[in-house]
Amino acid sequence: MTKLFARAVLPLVAGSLLLAGCTGTQAGTASPASSSSPSSGSSEAPSTSAGTASTASMDPCELLTSADVTSFGQFKPAEKTELAGARSCRYLKNLQSASDESLSLGVGIRDSQSIDTVNDAGGGTTAGNVNGRKAVEAPSPPAGCTLALAVGSAARVDVVVTSTDATKACDIATQVADKVEPKLPKG
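The numbering of the sequence shown is the numbering used here, which starts it at 68 and goes up by one.
What the hints contain is simulated information worked out from the structure, not anything from laboratory work. Every value quoted in this text rests on a predicted model; they were computed, and no experiment measured them. Do not take every clue at face value.
Said to hold, decoys possible - Cut-off 20 angstroms, straight-line C-alpha distance, at most; resulting in silico cross-link-like pairs (PhoX-like, lysine-lysine):
no., residue 1, residue 2
1, Lys201, Lys250
2, Lys147, Lys246
3, Lys235, Lys246
Hey, can you work out the whole structure from these sequences and the hints?
What follows is the structure in structure tokens.
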């Protein structure tokens, strides 16, 4: 029964977390980030000279790869979707038995929504940073958490986790964000 409940509720909770990030659109025109080639051996993310960054050409499944999620268990192949205005990539944990804890890890790219537009999904919002990048955490009780990472002043990447409770989900979201943040453009 628990396994069936987890499989039925988990996608609904994950979808509601992505919907929780929805707000009105912001006026403006998206433009691609200027091309910059990091020096050999550098792991720096591309940046723009104007101090703004573009997410338009980013692929969510390149921000969170199957290699990134292996430390959290075995996962099904990535599901790439467009949901609630975000280009998303989501991984669902393979459940081997009814006693396994369900877990969903994902990222959503929001090209025209800043971290200032993160909605309170029932657990409040907390401003902070991840590796020096502005971020907003929004727990979504009973079992979810969104950690939004600023990309420039007008875009963001949401790390969305659904686990057994919101506190655990936010702890995992922080770990996932540590893997995603270095791949984001600076600016």
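Tested hints:
Restraint check: the Cα-Cα separation between Lys201 and Lys250 comes to about 15 angstroms, which is no more than 20 angstroms; the hinted pair holds. Of the supplied pair hints, the one linking Lys147 and Lys246 holds, its CA atoms being roughly 19 angstroms apart against a limit of 20 angstroms. For the hint linking Lys235 to Lys246, the alpha-carbon distance of about 17 angstroms falls within 20 angstroms, and the restraint holds.
Checked against the numbered hints above, the structure violates none of them.
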